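Per my numbering, the very first residue in the sequence shown carries number 23; after that it's consecutive.
Please note that a few of the clues may not be correct.
[As the list claims (entries may be wrong)] With a Cα cut of at most 27 Å, we get these calculated DSSO-like pairs of lysine-lysine:
(1) Lys113 / Lys87
(2) Lys220 / Lys210
(3) Lys87 / Lys24
(4) Lys210 / Lys271
(5) Lys113 / Lys341
(6) Lys341 / Lys63
(7) Lys51 / Lys72
(8) Lys51 / Lys346
(9) Lys87 / Lys61
(10) Lys341 / Lys327
(11) Lys24 / Lys113
(12) Lys206 / Lys313
(13) Lys271 / Lys220
(14) Lys61 / Lys184
(15) Lys61 / Lys72
(16) Lys209 / Lys271
(17) Lys294 / Lys184
(18) Lys113 / Lys84
(19) Lys84 / Lys130
(20) Lys63 / Lys87
(21) Lys327 / Lys72
(22) Lys51 / Lys84
(23) Lys51 / Lys63
(24) Lys115 / Lys130
(25) Lys184 / Lys68
(26) Lys115 / Lys84
(27) Lys346 / Lys42
[Claimed, not checked] Distance ranges between label pairs, derived from CB positions:
(28) Glu126 / Val208: 20 to 28 Å
(29) Met262 / Lys346: 43 to 51 Å
(30) Lys220 / Val200: 18 to 26 Å
(31) Lys184 / Gln64: 15 to 23 Å
(32) Gln287 / Ala345: 42 to 50 Å
(33) Thr370 / Asp88: 35 to 43 Å
(34) Gly274 / Lys113: 43 to 51 Å
(35) Asp217 / Thr370: 35 to 43 Å
(36) Gly137 / Leu266: 43 to 51 Å
(37) Gly226 / Tyr344: 36 to 44 Å
I should point out that these hints are in silico values taken from the structure, not numbers from a laboratory.
As the structure is a prediction and not an experimental result, all values here were calculated from the model.
Even glycine gets a Cβ: it sits at the ideal position worked out from N, Cα and C.
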Amino acid sequence: MKDKIVVVGGYGQVGQIICKDLGERFPGKIFAAGRSYDKAKQFCLKTNSKVLPLQMDVHENKLSKDFFQEVFLVVMCLDQQSPRFMERCLKEKIHYIDISASHEFLLKVRSMSSGMSSIESTAVLSVGLAPGVTNMLVKHSLQYLGQVHSANIYLMLGLGEKHGRAAIEWMIDNMNAVFFIRDKGVKKQVRSFEDERKIIFPDGLGQRSTYRFNFTDQHVLPETLGIPSVSTRICFDSAMITNLIALLKKIGVLSLLHQPIFRRQVIKLFEKLNLGSDIYVAKVISEGIIKEQAIRYECSIYGEKESYITGKVAAFVAKRIYAKQYPPGIFHIEELFQWEDLFDELQTFIHFEEYKSDTNEIYHLQQ
Numbered sequence: 023m024k025d026k027i028v029v030v031g032g033y034g035q036v037g038q039i040i041c042k043d044l045g046e047r048f049p050g051k052i053f054a055a056g057r058s059y060d061k062a063k064q065f066c067l068k069t070n071s072k073v074l075p076l077q078m079d080v081h082e083n084k085l086s087k088d089f090f091q092e093v094f095l096v097v098m099c100l101d102q103q104s105p106r107f108m109e110r111c112l113k114e115k116i117h118y119i120d121i122s123a124s125h126e127f128l129l130k131v132r133s134m135s136s137g138m139s140s141i142e143s144t145a146v147l148s149v150g151l152a153p154g155v156t157n158m159l160v161k162h163s164l165q166y167l168g169q170v171h172s173a174n175i176y177l178m179l180g181l182g183e184k185h186g187r188a189a190i191e192w193m194i195d196n197m198n199a200v201f202f203i204r205d206k207g208v209k210k211q212v213r214s215f216e217d218e219r220k221i222i223f224p225d226g227l228g229q230r231s232t233y234r235f236n237f238t239d240q241h242v243l244p245e246t247l248g249i250p251s252v253s254t255r256i257c258f259d260s261a262m263i264t265n266l267i268a269l270l271k272k273i274g275v276l277s278l279l280h281q282p283i284f285r286r287q288v289i290k291l292f293e294k295l296n297l298g299s300d301i302y303v304a305k306v307i308s309e310g311i312i313k314e315q316a317i318r319y320e321c322s323i324y325g326e327k328e329s330y331i332t333g334k335v336a337a338f339v340a341k342r343i344y345a346k347q348y349p350p351g352i353f354h355i356e357e358l359f360q361w362e363d364l365f366d367e368l369q370t371f372i373h374f375e376e377y378k379s380d381t382n383e384i385y386h387l388q389q
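Turn these sequences into a full structure, and let the hints guide you.
And the structure:
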């Protein structure tokens, strides 16, 4: 029977959150998968066997026929260089969710999908905090305003939360990135940790300097929501570290990240770094038109533990895909789901604020 959910990387930091959530809803049907059976088993024992262990390596083409005959949904929590495993799942009519934040991977997925004659299952990308919640906040802004000509996304990430090595490597590798965004509908080349913009964050966090960063939401949203200008900027909860990285970028030190020895040392430094909290904030400022009047709309969410909200967003999508039939194809989260439904799932552990402004006045919107 095709009723199993396999969480690849299920005993990792985010994977455990997904497995525990889904295990409570569908006990005995959730599998924490990875290369180490022992690690998977140790984790699953903590769930009272509501989650079951599975040894597998997505990089090896050794999966049994039973895997594809019995699995309904795969949730991918590992960074991949190639979408081959995803392609195999879709060809076998297995639904698929990916929490990857890599724009390069999404480009490979697009190329892969263009070569597929037909897709009979549903794949959901941009699942997490950024991309993910940020995409949904921009969609919420668009639905509120009706017409949006620019959406600016701002993230604050806490340096006190411990992340896996893959997440740290992705962050380091994008600190000196050169990439393109859409600005008034035209491609514009920009660079990470440049173009400073000062933003006031909620919850008394005050004004912070934020800088461009190569998150995938800014690449996806102009296409999925038709917004002419989208940008994403980042800062850390430690203003000192944010300013230090910006300074290193300005004087050219970050260009040394291309050298393996220097890159390894920076990764080790971030693995040991513990200068802040585990807070995260995602803020969206959108500008649009309501009844021929220019309106600025702001909305923010904040909470603790980025890995936790990433796992909870993935679990939300998985439960929806498992319970309801969605159109076949490859989608981003904002193309299938509504902010109100996601917020209902997350509201016990996040805070949500929204404001609008016109003629220089700010109003807090009552929920």
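Results for each hint:
Distance hint between Lys113 and Lys87 is fulfilled; the C-alpha atoms sit about 13 Å from each other, no more than 27 Å. Under the criterion of a C-alpha separation no larger than 27 Å, the hint pairing Lys220 with Lys210 is consistent with the structure, at around 21 Å. Distance restraint check for Lys87 and Lys24: the Cα-Cα separation of roughly 12 Å lies within the 27 Å cut-off, and the hinted pair is therefore satisfied. Straight-line distance between C-alpha atoms of Lys210 and Lys271 comes to about 20 Å, which keeps the hinted pair within the 27 Å bound.
The straight-line distance between the Cα atoms of Lys113 and Lys341 is roughly 22 Å, inside the 27 Å bound, and the hint therefore holds. For the hint linking Lys341 to Lys63, the alpha-carbon distance of about 23 Å falls within 27 Å, and the restraint holds. For a cut-off of 27 Å, the pair hint linking Lys51 to Lys72 stands: about 8 Å separates their Cα positions. For the given pair, Lys51 sits about 17 Å from Lys346 by alpha-carbon distance, which is consistent with the 27 Å threshold.
Restraint check: the Cα-Cα separation between Lys87 and Lys61 comes to about 24 Å, which is no more than 27 Å; the hinted pair holds. Taking the CA atoms of Lys341 and Lys327, the gap is near 21 Å; set against the 27 Å cutoff, the hint holds. A C-alpha spacing of about 15 Å is found between Lys24 and Lys113, which places the hinted pair at or below 27 Å, so the restraint holds. This hinted pair checks out: Lys206 and Lys313 have alpha carbons roughly 21 Å apart, not beyond 27 Å.
Simply put, Lys271 and Lys220 have alpha-carbon atoms about 18 Å apart, close enough for the 27 Å limit, and the pair holds. Taking the CA atoms of Lys61 and Lys184, the gap is near 19 Å; set against the 27 Å cutoff, the hint holds. Under the criterion of a C-alpha separation no larger than 27 Å, the hint pairing Lys61 with Lys72 is consistent with the structure, at around 16 Å. Between Lys209 and Lys271 the alpha-carbon distance is near 23 Å, which keeps this suggested pair within the 27 Å criterion.
Straight-line distance between C-alpha atoms of Lys294 and Lys184 comes to about 9 Å, which keeps the hinted pair within the 27 Å bound. A distance of roughly 16 Å separates the Cα atoms of Lys113 and Lys84; the hinted pair therefore holds under the 27 Å criterion. Pair hint Lys84 plus Lys130 holds up; C-alpha atoms about 23 Å apart against a cutoff of 27 Å. Of the pairs offered as hints, the one joining Lys63 and Lys87 holds, with about 23 Å between alpha carbons and a cut-off of 27 Å not exceeded.
A C-alpha spacing of about 24 Å is found between Lys327 and Lys72, which places the hinted pair at or below 27 Å, so the restraint holds. For the proposed pair Lys51 and Lys84, the alpha carbon gap of about 22 Å is at most 27 Å, so the pair holds. Taking the CA atoms of Lys51 and Lys63, the gap is near 15 Å; set against the 27 Å cutoff, the hint holds. With a CA separation close to 20 Å, the supplied pair Lys115 and Lys130 stays within the 27 Å bound.
Simply put, Lys184 and Lys68 have alpha-carbon atoms about 21 Å apart, close enough for the 27 Å limit, and the pair holds. Taking the CA atoms of Lys115 and Lys84, the gap is near 18 Å; set against the 27 Å cutoff, the hint holds. Restraint check for Lys346 and Lys42: satisfied, since their Cα atoms lie roughly 21 Å apart, inside the 27 Å limit. With their beta carbons about 22 Å apart, Glu126 and Val208 fall inside the hinted range of 20 to 28 Å.
One distance hint, 43 to 51 Å for the beta-carbon pair Met262 and Lys346, holds here, with the actual separation near 47 Å. As the Cβ distance of Lys220 to Val200 is approximately 23 Å, the hint placing it in 18 to 26 Å holds. Between Lys184 and Gln64 the beta carbon distance is about 19 Å. The supplied range of 15 to 23 Å therefore holds. At about 47 Å, the CB distance of Gln287 to Ala345 agrees with the hint of 42 to 50 Å.
Between Thr370 and Asp88 the CB atoms are about 38 Å apart, so this pair conforms to the stated range of 35 to 43 Å. Between Gly274 and Lys113 the Cβ separation comes to about 46 Å, which falls inside the hinted range of 43 to 51 Å. Distance hint check: the CB atoms of Asp217 and Thr370 are about 36 Å apart, consistent with the given range 35 to 43 Å. A hinted range of 43 to 51 Å holds for the C-beta pair Gly137 and Leu266, which are about 44 Å apart.
As the Cβ distance of Gly226 to Tyr344 is approximately 39 Å, the hint placing it in 36 to 44 Å holds.
Checked against the numbered hints given earlier, this structure breaks none of them.
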